[in-house]
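Undergrad: Each chain is listed here by its residues.
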Amino acid sequence: MWDYTDKVMELFYNPKNQGLLEDDREPGIAVVFGEVGSIACGDALRLHLKIEVNSDKILDSRFQTFGCTSAIASSSALTELIKGLTLDEALKVTNKEIADFLGGLPEAKMHCSVMGQEALEAAIYKYRGIPLAVHEEDEGALVCSCFGISESKIRRVIR
Amino acid sequence: MQTCIYLDNNATTRVDPEVVEAMLPYLSEYYGNPSSMHSFGGQVGKVVKQARQQVAALIGADDSEIIFTSCGTEGDNAAIRAALQAQPDKRHIVTTQVEHPAVLNVCKQLETQGYTVTYLSVNRQGQIDLDELAASMTGNTALVTIMYANNETGVVFPIEQIGLRVKEYGAIFHVDAVQAVGKIPLNMKTSTVDLLTLSGHKLHAPKGIGALYVRRGVRFRPLLVGGHQERGRRAGTENVPGIVALGKAAEIELAHLAATTNKQKQLRDRLEKTLLETIPNCEVNGDVFDGKLRKNRLPNTTNIGFKYIEGEAILLSLNQFGICASSGSACTSGSLEPSHVLRSMGLPYTTLHGSIRFSLSRYTTDAEVDTVLAVMPGIIERLRALSPFNND
Amino acid sequence: MQTCIYLDNNATTRVDPEVVEAMLPYLSEYYGNPSSMHSFGGQVGKVVKQARQQVAALIGADDSEIIFTSCGTEGDNAAIRAALQAQPDKRHIVTTQVEHPAVLNVCKQLETQGYTVTYLSVNRQGQIDLDELAASMTGNTALVTIMYANNETGVVFPIEQIGLRVKEYGAIFHVDAVQAVGKIPLNMKTSTVDLLTLSGHKLHAPKGIGALYVRRGVRFRPLLVGGHQERGRRAGTENVPGIVALGKAAEIELAHLAATTNKQKQLRDRLEKTLLETIPNCEVNGDVFDGKLRKNRLPNTTNIGFKYIEGEAILLSLNQFGICASSGSACTSGSLEPSHVLRSMGLPYTTLHGSIRFSLSRYTTDAEVDTVLAVMPGIIERLRALSPFNND
Ligand SMILES: Cc1ncc(COP(=O)(O)O)c(C=O)c1O
Ligand SMILES: Cc1ncc(COP(=O)(O)O)c(C=O)c1O
Ligand code: FES
Ligand code: FES
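Chains as they are written, first to last, in my numbering: chain A, 1 to 159; chain B, 1 to 392; chain C, 1 to 392.
In case anyone wonders, no lab produced these hints; they're calculated from the structure.
A portion of the hints provided could be inaccurate.
Non-contacting residues of chain B with respect to chain A, defined by C-beta distances greater than 10 Å in every case (computed) [to be verified]:
(1) Asp62
(2) Asp269
(3) Lys273
(4) Phe289
(5) His353
Dumping the calculated BS3-like pairs for lysine-lysine here, alpha-carbon to alpha-carbon at most 27 Å [stated by the list, open to error]:
(6) A:Lys7 / C:Lys49
(7) C:Lys295 / C:Lys263
(8) C:Lys108 / B:Lys90
(9) A:Lys16 / A:Lys126
Positions of the beta carbon are idealized from the N, C-alpha and C atoms, including for glycine.
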């Protein structure tokens, strides 16, 4: 049984900013999304941003998450944290800040918050036209090695 | 106190109040050691004997064939080690990819100790292939260890058909029947099984007690070595209250087996059928063929895959309504990996991560099933609305 | 119901009623599996954690150093196997001739598997010789396994002095403290012990639960392999009621250790002294020097040899008066061999067969001791009158 904080539970049961952002082609406004993970990995996040082009500010943000309780809560937390920030400021948001916003995450679940950071990076890089650096396959701390599942591409970004 | 609609009976069960009552005197007045030389201890020896008969009766065995253990895991470990020690020259083991970790991890360890292990595959229905079994057997095969019924899907293996092939090769046949005992009738007298594991807390006895059936004539070496308890086959002061409890639980299961099983099956079928009807994009994992459910499943278990969403999120949502279910087995539920059983069945990724097991007991009521049926569609809909894959 | 004056507390103890009360909810309402992913199971995980702290506190350990087992025998078996697996190159074990079968028979088995075992002798007082220990150690010594206190005589070994020598040789030090825990204060923080076994039913918890202390940093491999319970160090669904009970019993023992121990010692001393005074031709076995009793004994145990008569006959006579005592240990009491402990001490044949152990508990009363003192002289006299050796 995971020991989730009340904040995690609250954002899981009543997530803020779920869904997607339509691009209304408003002048001076850009809408992009970034994606990480896949259904094969067992977790995935699509993060949508509405950006004010002149100021580089994030006006709004929405998420769609396939994943566990903490992935959903982390995604929701991230959208809250980055609203109003400039893109450069948002890029500095760490997964630790996401976890702190949630009042902490169980150690084995810290990686669920990394996904948010990565999706944000993906969205901003896409907006800026920068190719995304390929992430090393990070083995991380194995939680269970008994079935030797290392051949699968399950993401293991821990802490 | 926090109660719940408990549909996680393959993880553990409620102890029958009659069982608690039966064991209580042995937690208080009758605390003697059955091996003691005084009649205060000796009187306790008698109830241990009675409990042994009760457990034997449930599986159609002789009471001399029953060894009390502390849990299913101990039974599995002891059986596998004993079978290998009895035939030190043979170095090959056959098992399946979908065993419980209590068998699978022992086999993994044995591979590092010079044993070769064949892990039989299962098909999309969770069933093994008897031809693959036959092809894997050699004169070097010491042991075939295959579960009676799978804890995650409830799929039942054709144990006696397997046993016939095992006997052709003179191997020892161990069956992990932890999920089968008390749910389907067993009769060791007419069986090919040599060693059979059961665990109390899966059949309304408490945790901390189990039993291992060892067919008369099968050589046995103890896993726990020490005093002469259990006729030298399991050392350690007897867990008298646990033994009495297991005996009583066995007696109750035997008396009600047919009736409770039928009722559970009806409830399970209704739960399963209605979920499939009211929720789009979901399917039963295990024992389905050409879209039709077949008959090789435990009466109390259903494992359903809900596409595009993740199991833990479903479990926590159910938890909010006081409903207890599970994904994977309890001992793997802390891990982040998808179930090895469902993976071995080749489930597509879309459902692999979103599969939930409901396991009923004789305490499950119609009203409880109704509650689950009432809340599940909303839970699935809400989580799917959050998912990026739903509309792909 | 048959009750008795129970002076066989080294065989097993009465479960404290508070302990039964503490465990009962986990036999009824709170039956969840602590590894489950719902809060009904999760709440049970919390009490397991608390019990672990309680057990750790009793022996001055950290709760991460406690593994729950099913009994003392399992703890001994697991500790010995783990210590050897951690050092596969070393093939020598040091133990004593007076260990419990749970250690002795494992060592015997290991001798057939390529290990050399030194069985340290004991003197007439039941004590080992530290020089013999030192002389037996080599760089090849993987494990020293020595009991804290002997179950038959109550003789306490100088564990920390032994430990210093063990550490000089870089061996692992396992201590079977089944008879010591709850009877004498232990503190693992300032100890040389690496692995320490305890058993619930010897300290007023029920049968079927025990614990193994594993010092942080000591490599450990599980004996029972399977799921991830006990952080991968002991597979099998947790015996939650048993664990809660052991925790509560540990808490109670810790709170009352000094007081109850003193009281038991007084009663034991009175029993012993008066028996020696009122019955001719008898003597205390263990920890006696030049006719004087020394201080290296458990406070609750006395083992007395009555010349010219046979133990079983004494026990049966006592049984007639509702008094429970024992000769040898419970788990060997079915056998006809005289105790291996007393034989190792070199007792003369005249007393070897006529030795009786009285072991007290905090439930033992003055009145009970009075009864024993009242009936013993008559019993011994009657049996001696029947004996052909009496007048030799
Ligand atoms: C010194 C000693 N070690 C080990 C044991 C075995 O403990 P258990 O009966 O709980 O397996 C006992 C008691 O039987 C004992 O007295
Ligand atoms: C099929 C199967 N085998 C073995 C076990 C292990 O039993 P226990 O938890 O009693 O050790 C379980 C349950 O956990 C099981 O479902
Ligand atoms: S998103 Fe995979 S475990 Fe949390
Ligand atoms: S055995 Fe690996 S998760 Fe339980």
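Undergrad: If a hint holds in the structure, say so; if it does not, say that too.
TA: Hints, one by one, checked against the model:
1. Asp62: Holds, since 36 Å exceeds 10 Å.
2. Asp269: Holds, because the least Cβ-Cβ distance between B:Asp269 and chain A comes to about 30 Å, which exceeds 10 Å.
3. Lys273: holds (27 Å)
4. Phe289: holds (26 Å)
5. His353: violated (5 Å)
6. A:Lys7 / C:Lys49: With Cα atoms ~24 Å apart, A:Lys7 and C:Lys49 stay inside 27 Å; holds.
7. C:Lys295 / C:Lys263: holds (16 Å)
8. C:Lys108 / B:Lys90: holds (24 Å)
9. A:Lys16 / A:Lys126: Between A:Lys16 and A:Lys126 the Cα gap is close to 24 Å, so the pair holds against 27 Å.
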